[in-house]
Amino acid sequence: MDLGFTPAEQAFRDEVRAFLGESLPADVRSKVLDGLHVSPEDTTLWQKTLHRHGWGGPNWPREFGGTGWDPVRQYIFEEECAAAGAPRLLPFGLKMVGPVIMRFGNAAQQQRFLPRILSGEDWWCQGYSEPGSGSDLASLKTRAERRGDRYRVNGQKTWITLAQHADWIFCLVRTDPGTKPQAGISFLLVDMHAPGVTVRPIIMLDEGHEVNEVWFEDVEVPAENLVGEENKGWTYAKFLLGHERTNIAGVGASKRELTRLKRIAARERKHGRPLLQDPAFAARVAQVEIDLMALEITNLRVLAAEAERRAPGPEASLLKVKGTEIQQALSELMMQAVGPYALPFRREALEAGFRGDAVGPGYAAPLAATYCNMRKASIYGGSNEIQKNIMSQMILGL
Amino acid sequence: MDFSLTAEQQLLSDTVQRFLSQHYAFEARRRIVRSPEGWSREIWGQLAEMGLLGLQIPEAHGGMAPAAVETLLTMTAFGRSLVVEPFLSSAILGTALLAGLGSPAQQEELFPAMAAGERIAVPAHGEEGARYDLERVETRAARRGEGWVLEGRKAVVPHAPAADLLLVSARTSGAADDAAGISLFLVPRGAPGVSLAAYPTLDGQRAADVALRGVALPSDALLGPEGGAHGALSAAWDLGVAALCAEATGALQAILDATIDYTQTRKQFGQPLAKFQVLQHRMADMLVHVEQARSMSTLAAMRAADPDPAVRRRAVSAAKVTVGQACRFVGQQAVQLHGGMGVTDELPVSHLFKRLAAIELSMGDTEHHLELFARSLSQGTDAA
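Top line first, the protein sequences correspond to chains P and D. Per the working numbering, the first sequence starts with residue 37, numbered consecutively. Per the working numbering, the second sequence starts with residue 18, numbered consecutively.
For reference, chain D alone in the conformation it holds in the complex (with noise of 0.2 angstroms):
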């Protein structure tokens, strides 16, 4: 039982800190999202440089996987500054899928242009209709000839704009929820027949919906067994959600530090809000949640890539459903305590509180994973 860091990854999380609080402030936030692409290129070379787009790259390619604590700073880092650039979706899921899937030669191709923020690939895997099930794929992938064809819709699949590749889940055979079946391929976004529709999403990050109408793959453009990819992916989203419960930690810190503050500061009365008690139980009962969430994402970042998936995802599904429930109530809390000015876009609170509320809704929300947690109960009991 070790909650302490090597003074390495204490020094990367000072780092990483340190590298935000001069180049990613509100202000220069806010001209990131304002921007034409929505992110920015110059901080995702300075993330390269930091060596953080290797986080997740295998260690015989130059990178830091596992990094599962490493990961876990930086993401909680990335939470409190509302960093906005593609990382969970290319750093994360992206070399996830790759390592878990890529042939040598896919990897060699693809680890050191990701770990240097050259190319950018980002998973393309849900449906509409298929709401958080995983095994929910409807797009087909047919074989033509030596290549593959395919046809289908993504919904809502985070930082395509930004991805120079997508990761293309399609179904090869089985029925529509069959977990068998699914292949992963890649596609290049400037594919002929892939098009998207780019929209910005209620957190200031940028998703599109992508059609894929014929898409004509060559061979390689498989990645991993054909039908097989079910279980990466399954793997790289119990990562993913782990990253994202870290960020929310950040983010769930830094709207409660600023709720702290504006409370102190603004006075009715006769005295600072800070010093009612009907406020003071409110950030007590915030705090309480603040300090479970980061527990929760404490071991859901060391059990994401334990080698058994029901450790890993009973963890990753009890942190969800931890972090997602404190997003919504500290998100809520800290604007209503904010007043008016919690209502309005110039404070940080709002943009926090949007995050939080993203996150709540992004890779199952809370319901989702209170529900496969629930499941999993009767299975280690008797029940007849």
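Next comes chain P alone, as it looks inside the complex (with noise of 0.2 angstroms):
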């Protein structure tokens, strides 16, 4: 047993710290520390960026362009990102789609996607949830229907994130109606920019526009983008969800938002002093630090294991549930260290470069908003309490 990092593992530490410290531009860079709006430009240059060093898949293997790195060093990549203040790689197609082209797709769809999610060409959305089927997902009812080489798909998908920059979503489809509801879907992909197909945005509690209705009537899809079979799309499902969960602990993100909560709190004061020397505020920030410090080895227990048994085990739950209530907490203390300057909310502030009188410390102004964009974390992905369920029954065998 040993916690520590081999010195092949350290090297690669510093070779994607150097790397960073050389590539990251610094705007964007300070967008990401200081909690502010990444735009969609920024990301897709980020992933470009990435592809052209040979790194823009750093969870794929060698033979669809990945890096084929191992577990460790996908999270130590991951770390050093989160820490740098990089831009979150778009998930979509990384991490979802992508490894369930790997697995069911066929070689032309292999061929003809999997580059494109590479060098950042293509933005991929998910098209899971539907307005009657959320935790219950096996209720969806988007319908396709066979006709002759084409599907015609009709329905309406929604909390569909990032879906106005999309090229491509990735749904989830009935192709039978008549059996039972796990056993009839299809796994479709669809081009956003094909007849019939209408986005309308989903305005959240931050006022942001971060997900969105999709609408599709008399949607033609090509049968050839059908992924695997038909009626087996539960299955490529289940095994995307998998693959989702292991990265949503979020250990690197979660660590780079402890140093900014460490930051603001040494520099707003309490009774005159600094307030991460109140003993009642110190108390709440070094119970998130512990949280963390024990996600960061359960993380790894998890990560050791999958690399044994070479898929994500129902422990992605785990982290799931723990890496979302820490992410949660941390947005929260952020908020509460700047007090009464957590109320000005201006959209507008948390644009780079803004120009507008501030409203106390610069950095408190996008806390609030943060702070409700994060109630998400817990919801979506299977909702926490979803993951309960998973482990108490893949887990505990209740």
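These aren't lab readings, by the way, just hints derived from the structure by calculation. Keep in mind it's a predicted model, so treat the numbers as computed, not measured. Cβ atoms here follow ideal geometry from the backbone N, Cα and C, with glycine treated the same way. Don't take each hint at face value.
To be verified - Stretch-level coverage of chain P by chain D, calculated; a stretch enters the list once three of its residues show a Cβ under 8 angstroms from a Cβ in chain D:
| # | stretch |
| --- | --- |
| 1 | 41-51 |
| 2 | 87-94 |
| 3 | 306-320 |
As the list claims (entries may be wrong) - Here chain P is said to cover these stretches of chain D; the calculated rule only asks that three of the stretch's residues, wherever they fall, bring their Cβ under 8 angstroms from a Cβ of chain P:
| # | stretch |
| --- | --- |
| 4 | 268-281 |
| 5 | 301-309 |
| 6 | 335-344 |
| 7 | 383-390 |
As the list claims (entries may be wrong) - Cβ pair distances, simulated, as ranges:
| # | chain 1 | residue 1 | chain 2 | residue 2 | range |
| --- | --- | --- | --- | --- | --- |
| 8 | P | 315 | D | 159 | 36 to 46 angstroms |
| 9 | D | 150 | P | 308 | 22 to 32 angstroms |
| 10 | D | 43 | P | 70 | 49 to 59 angstroms |
Reassemble the complex: the two chains are provided individually, in unrelated frames, and hints are given to aid placement.
Structure follows, in structure tokens:
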């Protein structure tokens, strides 16, 4: 047993750090570190930068143009990127549809779609949830009817993150309404630019436009865009959910946010002293830091088990629950740290280079919006209550 | 990054677990706890035969120290079976103090006897009013001729009634809460002037308050430099807290397993309790606590002997907080989910519950370690 990183892993960390120092644009870096709005162009540019360096697919095997890194190297890479203030890579292509196409797609699909994910040319979004199907995903109603060599798709998807920028959407659609819910679902790739696709924004509690409704009205989809077999989509969806959850602990990003919290709490004053020296506040910061230390080890234990088993297990649910609790606690403490200056709320202050009148310290502007935004974390990706169902059934065998 | 065990470590873990399942099942343990001494010399001898009493004795003296992983595995197994023998007090804290402070002569005399299970040496450090502060020592030692005289009281000394030797901390200089000026003395439990008020503790173990009235000691009773015991005490305590965390992990897993079994067996409203979602989610929450505690007890074990006190103290305090909170939550919920049976003396659950409560209160409770950790926060950041 050894909780340290090997010399080779340390050298790899140094290599990543050096690359980030040279390649990450300063303006993007400060946006991420200050919690400001990161544009889609920033995200795409960063994907292209990584791709040029051969690191476009940090979690992909070599045969599909990925780095072939083991789970520990992927972890180190994510941790260093988060610490340096790199934009979060879009998970929809890299961590969701990509692995599904690699595992279940045919050669033509692999050649057509995978390189464009790596190069940042295609922006993907995820078409799972529907107005009537949230956690109960298998009840989805969006219909795809086979007509010769095409499917005709009708229905409505919702909570589609960043669909307003997307070129493609991977959808769960019902292809057989006559059987039990899980058995009649297929996994279909749909061109967002096709006639009949409409995107409508949903404005969230932080007044941001992050998610959308996507409507399909008689959208014609070539049958070649079906992944795997018809009516086997539920199997592929479960495979994907496992991959999505492995990385949801977000340890690297939470470490970065913890550093930001301490920076803010060291500058804020209470009774004339730094807030970080206030015993009550310091104890709450300490509690989150300790929880995060424990989560990091738990995450590494899961990675080690995963490296042996080759597939993410139900332990990923534990990481999701604890990881999102920590993310939410951090956003809450940061908001609380600035006290009344968390109240002034102006969306435009979330843009880098905001030149309006600052109310309170500059770092206060995004904190309440981030707090509101982070409430989503315990809801998306299978709500934390669903994760507890999974833990109790798959781990505890109840 | 490697969480795997060597073949030898796996063998040790299997051997200890097999031994305990054969000789330390619930009823056997109950007999031991209810015996006059409250622990078993026979079991103690068998632990010695397995080499476990030498885990923290340096290799040069025939032991296995540092043996971080072996200690982690042993303590986890002990936690699962609720072992009451003075292992933590003597085979971890006692040997660690002797290793840190003892002269070659003292070590040569005591290590073999301790490894063989023939001598038990436990620290007598805590005092009334000191709570968990390691440096608050009011017991005093004064020079008399060539030797020393001890005067003072030690409070709630674990396993003192079982000990042949008490490792008594006493102030030879400085104010009551100075780290400097604390010395450690080897005191035979039966020495004139030493009196014990012995009692059982909440968890079925034994402890005593120790009065020291004019205890006269020879010069070679001093362990380590005069006034310089604090560093070794602190290092031993870090090892001890890590061991306690490992023990808790075993007890936590046992009480979670017992709760799962019970809720799958007990039926109400025509179905097993385990089918009710409100209870499933409670057990999922318990699982999260247990796994986080396991992670932190592993971290503490691997850092507890780190030469940098700041590194080891940070890991150890964080671990004790995580484990302490798990002890409370998992222990309380296990009793709750056992319903009426949970509050009886009949099932292991209540015995595990009491040990978990005792662990939370031992060697610094959750609040104590959270405060230590919180105080270190502003040291690394610019407070200006």
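Violated hints - listed by number, lowest first: Of the numbered hints given earlier, the structure breaks just one, which is hint 2.
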